[in-house]
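Here the protein sequences come in this chain order: A and B. Numbered per my numbering, the first sequence spans residues 1 to 239. Numbered per my numbering, the second sequence spans residues 1 to 346.
Below 25 Å or equal to it, Euclidean Cα-Cα: the simulated DSS-like pairs (lysine-lysine) are: (1) Lys127/A <-> Lys154/A; (2) Lys218/B <-> Lys127/A; (3) Lys218/B <-> Lys154/A.
Since the hints were derived computationally from the structure, they do not count as laboratory data.
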Amino acid sequence: MSDLLLSIRDLFVSYGKVEAVHGVSIDVPRGQIVTVIGANGAGKTTLLNAAMGILPARGAIEFEGRNILRQPVEDRVGGGMTLVPERRELFATMPVEDNLLLGGFLISSHERAQQLEEVFTRFPRLKERRRQLAGTLSGGERQMLAMGRALMAKPRLLMLDEPSLGLAPLIVADIFAIIRDLRSAGVSILLVEQNARAALRVADSAYVMELGEITLHGKAADLAADPKIVETYLGLATH
Amino acid sequence: MDSTILLFLLQDGITNGALYGLLGIVTVLVFAVTRIIFVPQGEFVTYGALTLALLDTGRVPGTIWLLIGFGVVAFAVELWMSRHDLNARKIVREALIKIILPCLIALAVIWLAPMKLPPWANLLITLAIITPMGPYLYTIAFRPVAEASVLTLFIVAIGVHLSMQGLGLVLFGAEGLRGTPLSTLSLPVGPLVATGQTLSIYVLTLVTMAALTYFFNKPLFGKALRATAINRLGARLVGIRTSLSGAIAFVLAAIIGALTGALSAPMTTIYYDTGFLIGLKGFIAAIIGSLASYPLTVIAALAVGIAEALASFYASQFKEVIVFTLIIPVLIWLSLSSHHVEEEEE
Ligand SMILES: Nc1ncnc2c1ncn2[C@@H]1O[C@H](COP(=O)(O)OP(=O)(O)OP(=O)(O)O)[C@@H](O)[C@H]1O
Ligand SMILES: [Mg+2]
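Same shape as in the complex, but just chain A (with noise of 0.2 Å):
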C-alpha cells in the first residue's frame, strides 16, 4: 500500500454552468496533517464537499490507491474518510449521545460502544451534555459534537471544514490540541483553515488556494516564513 492516502488530480467542480474548482491536485499522505489555506470564496468548501462525493466533480480522486471519483458518500464514509462540514448538519433535535451514536452508523455494535467512550473521554465536555439536544449546544460544544460524530465512524481520513469558525480563541487552541493529538492516534487529518496562522503552526504541509487554483505548495513551516504568505494571510493575525 502506497503512503499516499487520499490524492486528488485534476480536479474540476462547477455548480451549474460556473465553475468554482479549475483543476486542483492534493495529496495527503498517510499519518500527516495537510492543510488548505485561502481567501473567502477560493473553492476550499467546494474542494472538500467534492472529495467527500456532495458535489460531483471530474478529474481524479483516489483514497487507498482506489479510484473513488463515483463512490457516493455513504460507502466513502464505510470506506474510511469523513467530512465535518462547513455547517455542521448535527441532528438538532436528537440528544447529544444520539448524534455521536449514529456517527457509528456503520460499524459495529461492538465497535460503536468503544468508540463512544473514546469520543467521551477526547471530548469530557460532550459527556456531561449527553442527554442535551444538539440544537441547544453552544458553538463550541456543536465543533466538539461534529468533531466527535465524525471521530465514530473510525475514519483513516478526517476532514474538516474550517473547524474554529466562530469560536473564541481558548476554545481555537482546544480544538488545534485535539487535531494534533488525533495525527497521533493515526488519524491523517485534511483541514481547511481561514485562521492561517493556527493552520500552519499544526500541519505538515500546505497548499494556498486562490480563485479556484492552488497557487502554493509546501512544507507548512516553509509557507510560514514565505514573506508573501505573511503579508496576505498571516499579517492582520495577532494570534
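Please arrange chain B with the ligands on chain A, whose structure you already have, making use of the hints.
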C-alpha cells in the same frame, strides 16, 4: 338517548377512530422519515379495499396494471437519476425489482384470482399488489425532489393524491364495492357485539402503534430513519442511505394503508374517493399528536371517531362540519403552547 345507544355510538366511534389512528400513524411515520405530508395515503386505503373486494368476487383487480405501470416508470426514473453512474449490474438489479417483480405478482394474481381463495389469502394477495406501489411512488414522485422544502413536498403530495384518485376512478369506476369479512366470529359483550373484524382493527392499531414507537426510539436503525428527515446531508455524512430510508417509510405506509382499507372494506361501501376522507381525519389526529407521537395520535384519532359518531347521531348531515369545526380550537391551543427546538439556524 339511552345508554345502549350511547354504547353503540361509542363502539362505532372507537372502531372508526382506530382506523383513523392507523392512518394518523402513517402520517407521522412518513413525515418523521421524509418530511412529506403524505396526502395520497387515502388512495392506498381505497386501492387496498377495492382490490380485496374484487378478489372476494373472483375478479382480477385492475390495480395489477397500475402496479406494473408504477414499476416501469419508477425503473425509468431510477435509471435517469443515476445516469452518470450506470453499470450492467445496477440495471439488472433495478429491472428485477421494478419490472420483473410486478409482472410476476400480476401473473400470480391472474392465476389465483378466479379460484376465489379464502379471505385471509386474498388479504395477502392484496398486500402483495399494493405494498410495492409505495416505494415505486417514492422513486417516481418524491426522490427527485427529496431535498426540497416541506411546502414543495406537500404540493407534490397533493398532485400525487389527485392523480392517484383519478386513476382509481378509471380502474374501479364510480360505483362502490363492499368486501367479505375476514372472519365470521362475533362475541356478545353486554348489549354490543364484538366481531372478528372490529377486534382485528383494534389489535392492528395497538400493535402498529407500539411497534413503531419502539422502532423509532430504541434501535439505531430506527433513529437513523428519523435522522434522515432531521438533516438529510448529515445523515449521508454518517453513512445512512437516505433514499433507502424513504423507500422503507413508503413500504410501511403502503402496507398499513392497504391493511386499513382491507379491514374497512367489509364494514362500509368503499368508493374510489372514500380513502381521502378517512385519511384526512387521520391527518388531523397526527397534527394533534404534533406529527411526532404515535400514542398521542391514536388517542386523538379515537376522540375524532367518537366525536364523529355522536355528531352523526344528533345531526347526521352536519357530521363532517361538526368534526372539522371541533378541531379548530384544539389546533389554536396547540400552536399557542408549542415551543420548538430551532433547527440549524445558520
Ligand atoms: N451552491 C452554490 N452555487 C453557486 N455557487 C456557489 C455555491 N457554493 C459556492 N459557490 C461559489 O463557489 C466559490 C467557492 O466557494 P467555497 O464555498 O468553496 O469557498 P470557500 O473557499 O470555502 O470560502 P470560505 O472561506 O468563505 O468558506 C464562491 O465563488 C462561491 O460563491
Ligand atoms: Mg468554506
